[in-house]
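Asker: Those protein sequence lines, which keep their order, are chains A and B. Oh and the first sequence: position 21 is 21 in the working numbering, straight run, nothing missing. Oh and the second sequence: position 46 is 46 in the working numbering, straight run, nothing missing.
Please note: incorrect hints may appear among the correct ones.
Here are the simulated lysine-lysine pairs, DSSO-like style, with alpha carbons at most 30 Å apart [to be verified]: (1) A/Lys-83 x A/Lys-109; (2) A/Lys-109 x A/Lys-3; (3) A/Lys-109 x B/Lys-31; (4) B/Lys-82 x A/Lys-217; (5) A/Lys-109 x A/Lys-73; (6) A/Lys-73 x A/Lys-21; (7) A/Lys-164 x A/Lys-118; (8) A/Lys-201 x A/Lys-124; (9) A/Lys-217 x A/Lys-73; (10) A/Lys-164 x B/Lys-88; (11) A/Lys-60 x A/Lys-90; (12) A/Lys-73 x A/Lys-13; (13) A/Lys-164 x B/Lys-82; (14) A/Lys-217 x B/Lys-88; (15) A/Lys-83 x A/Lys-55; (16) B/Lys-113 x B/Lys-27; (17) A/Lys-90 x A/Lys-8; (18) A/Lys-109 x A/Lys-21; (19) A/Lys-217 x A/Lys-201; (20) B/Lys-15 x A/Lys-217; (21) A/Lys-164 x B/Lys-31.
Bear in mind the hints are in silico, worked out from the structure with no lab data behind them.
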Amino acid sequence: MNKLLEVKGLTYKKNLRTILKDVNLDVESGKIIALLGENGAGKTTLMRIIVAIAKHYQGKVLLNGDGSEVYRKANIAMTDNLKGLSDSTKVGEIEEFYQKLFVDFDSSKFEQLRSFMKLSNDMKLGQLSRGMREKLEIALTLSREAKLYLLDEPFSGIDPMSRKRIINSILLWKSADSTIIISDHFVNEITTILDEVVTVKDKKIASHLSADDIRAKGHSIEEYYESLYADEGAE
Amino acid sequence: MQFQDNIPIYVQIEKYLYRQIALGKIKPGEKVPSVRQLAVDLTVNVNTVQRALNQMNTEGILEVRRGLGSFVTTDTELILQKRRELIKDTMSEFLESTAQLGLTPEKTLEELKKFIEEEKGD
Chain A
1 MNKLLEVKGL TYKKNLRTIL KDVNLDVESG KIIALLGENG AGKTTLMRII VAIAKHYQGK
61 VLLNGDGSEV YRKANIAMTD NLKGLSDSTK VGEIEEFYQK LFVDFDSSKF EQLRSFMKLS
121 NDMKLGQLSR GMREKLEIAL TLSREAKLYL LDEPFSGIDP MSRKRIINSI LLWKSADSTI
181 IISDHFVNEI TTILDEVVTV KDKKIASHLS ADDIRAKGHS IEEYYESLYA DEGAE
Chain B
1 MQFQDNIPIY VQIEKYLYRQ IALGKIKPGE KVPSVRQLAV DLTVNVNTVQ RALNQMNTEG
61 ILEVRRGLGS FVTTDTELIL QKRRELIKDT MSEFLESTAQ LGLTPEKTLE ELKKFIEEEK
121 GD
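Just chain A, with the same shape it has in the complex:
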């Protein structure tokens, strides 16, 4: 396993508020990793910094040892909530848009994913249910030949069947050496597919463990995650 991503001493402030403080994280290639934390813990911000959308941070973010933002943008695929597009935009038009925007976008892979997700090219964005929209976001993201994929809460508020399909698409289409980081504030939906669990708490990375190491101690991932917040419940 090669070191893929290194985050060193990352601090990020926005409107005088510290969102991330001295965050350190090492990620290897070929993994599926959960990034867990409460709403507002800074998971999305961390992802946006990794993919070089959010700027003006302190510290280092290296992908394959390369710290340039251009390199990271070209090799990291993050889900986009497609909020910038109008409701009348068709799935096929979004695909064309992605093709122009990303050189690593693979149209044949998208066609496979699109049909697996049961989406058609003439569906309009405004017609899609929550689950279908989420499936589209995942299909677009996984269609890029990236080294690192960042899926920002892909399972929030969707039905179990859509969830199952998204999980299977990850298992079927993930290349062996790419890594997928999935953020969530709720863990037990995806525990069986995880290699590692990273938790964010109090603006920092609270822990980074192998999922089966947690289980080897007799804890479920959910119990472990809840135990991180156990002290606070008593206050």
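Assemble the complex: chain A is given as a structure, and chain B must be docked to it using the hints.
Answerer: Relative to chain A, chain B alone:
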């Protein structure tokens, strides 16, 4: 298949495959499904499946042939031995849980016999 979330998944995949082999669902010398296929069937990570297969390869139950896949051993004695181990494991787990109900092994056996008789009567 449902996994217990407080036992390492690779251990549970091993057990699952042992059961398939012990029950003859995958026969001696037969190829087991590909890593990716098992990952999708069981909804688990490819790395976790690989870890389970490697472990079984070390134990001699499977033979991992590079580029071809994994095959069940043709050593039927080894399979029988593994089956006996599985039975023992199941028994000791059962006795552990009855012990938690305050039953000695002897009392457990007595209760079990009674239970089987009653089931037959139904």
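Asker: All hints, please: hold or fail.
Answerer: Checked hints:
no.	hint	in the structure
1	A/Lys-83 x A/Lys-109	24 Å, holds
2	A/Lys-109 x A/Lys-3	26 Å, holds
3	A/Lys-109 x B/Lys-31	29 Å, holds
4	B/Lys-82 x A/Lys-217	25 Å, holds
5	A/Lys-109 x A/Lys-73	20 Å, holds
6	A/Lys-73 x A/Lys-21	23 Å, holds
7	A/Lys-164 x A/Lys-118	13 Å, holds
8	A/Lys-201 x A/Lys-124	38 Å, violated
9	A/Lys-217 x A/Lys-73	38 Å, violated
10	A/Lys-164 x B/Lys-88	35 Å, violated
11	A/Lys-60 x A/Lys-90	38 Å, violated
12	A/Lys-73 x A/Lys-13	21 Å, holds
13	A/Lys-164 x B/Lys-82	33 Å, violated
14	A/Lys-217 x B/Lys-88	23 Å, holds
15	A/Lys-83 x A/Lys-55	20 Å, holds
16	B/Lys-113 x B/Lys-27	33 Å, violated
17	A/Lys-90 x A/Lys-8	41 Å, violated
18	A/Lys-109 x A/Lys-21	38 Å, violated
19	A/Lys-217 x A/Lys-201	22 Å, holds
20	B/Lys-15 x A/Lys-217	18 Å, holds
21	A/Lys-164 x B/Lys-31	27 Å, holds
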